[in-house]
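Please take these sequences and the hints and turn them into a complete structure.
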Amino acid sequence: MPYRESSKIVRMATHDAGVVSAIAKGALRPKSRFGAALQPLSDGIAQMYMAEHHDLHTLAEFDLTHLRTRLAADLGRYAAAVTLAELMIRFAPQAPHPESFDVLREALSLLEEAPHGTVDVVSLRCIWRLVSELGFEPALDRCARDGTPVPPDGDLRFSAAEGGALCPRCSGTTGVARLDARARADLRALLTPGAELPELDNPHGTAHRRLVSRYVRYHLAEGIELPALRFWTTREMEQA
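The letter at position 220 of the sequence shown is residue 220 when you use the numbering used here, and the numbering goes up by one with no holes.
Careful: at least some of the hints might be erroneous.
Keeping only pairs whose Cα atoms sit at most 20 Å apart, straight-line, the calculated EDC-like set for lysine to aspartate or glutamate is [claimed, not checked]:
#: 1; residue 1: K8; residue 2: D43
#: 2; residue 1: K25; residue 2: E5
#: 3; residue 1: K25; residue 2: D55
#: 4; residue 1: K31; residue 2: D63
#: 5; residue 1: K25; residue 2: D63
#: 6; residue 1: K25; residue 2: E61
#: 7; residue 1: K8; residue 2: D55
#: 8; residue 1: K8; residue 2: D63
#: 9; residue 1: K8; residue 2: E61
Label-pair restraints from in silico Cβ distances [what the hints assert, rightly or not]:
#: 10; residue 1: G35; residue 2: E196; range: 37 to 47 Å
#: 11; residue 1: T173; residue 2: P96; range: 32 to 42 Å
#: 12; residue 1: T69; residue 2: G172; range: 47 to 57 Å
#: 13; residue 1: G26; residue 2: D141; range: 48 to 58 Å
#: 14; residue 1: Q39; residue 2: E113; range: 17 to 27 Å
Please keep in mind that the hints were generated in silico from the structure rather than gathered at the bench. Since we're looking at a predicted model, the values are computed, not measured. Where is the CB? At the ideal position from N, CA and C, for every residue including glycine.
Shown next as structure tokens:
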């Protein structure tokens with residue numbers, strides 16, 4: 001974001017310091033030492049002067065290592081990428097958490113390389129994986145409310161508010177979605193790194209996007225407006 005006449009304040013997800021804010025002095029000047037390096041979603045090596053008594057540090061240098069131009073190749077890739085960045089910047093710890101940083105960077109690379117027609121399902125897996133790494137993985141095998149094992153087959157009652165699956169005794173509350181056997185299997189595949197990605201047509205893909213969006217709003221957002229997530233959730237899926 002612009003700061004005064006010639007500077008920027010940047011938010012960065014870092015491997016060694018967590019999510020940080022830093023002022024890039026002179027970044028808006030025509031001959032800034034940062035040049036065009038401070039682009040959204042790019043990778044680099046940041047050198048900072050760390051403030052002792054407040055959360056706004058000073059960015060001394062930013063050496064660009066990877067400008068992710070392929071994410072701008074189509075709207076689906078970019079929408080998913082900025083959603084991941086939004087979740088990371090807003091909800092990752094402001095302390096070292098290299099696990100979430102690694103998940104974010106791998107997810108952006110997967111989105112860059114995903115063949116056309118698979119971007120949306122890859123996006124779903126990446127978002128669920130980041131949500132899980134941030135400590136909010138949904139329960140699928142046990143009731144999220146009382147811990148009772150849920151039947152392994154058939155339909156699944158899933159509550160975004162409660163944190164996942166509900167057993168028959170707890171599933172009478174409002175706001176519970178019914179996932180049929182196919183949707184249940186698809187969700188498990190999305191939550192399992194390395195599993196074969198499910199094939200999702202437009203209606204099923206849209207339903208899964210709404211499900212993870214509701215889940216994020218309950219467990220991470222807590223009333224915070226998330227414009228990137230809203231746009232990613234409501235846009236039309238890409239067709240293979």
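Hint-by-hint comparison with the structure:
no., hint, verdict
1, K8 / D43, "17 Å, holds"
2, K25 / E5, "10 Å, holds"
3, K25 / D55, "16 Å, holds"
4, K31 / D63, "16 Å, holds"
5, K25 / D63, "15 Å, holds"
6, K25 / E61, "10 Å, holds"
7, K8 / D55, "15 Å, holds"
8, K8 / D63, "16 Å, holds"
9, K8 / E61, "13 Å, holds"
10, G35 / E196: 37 to 47 Å, "42 Å, holds"
11, T173 / P96: 32 to 42 Å, "38 Å, holds"
12, T69 / G172: 47 to 57 Å, "51 Å, holds"
13, G26 / D141: 48 to 58 Å, "54 Å, holds"
14, Q39 / E113: 17 to 27 Å, "19 Å, holds"
Violated hints are absent here; each numbered hint is respected by the structure.
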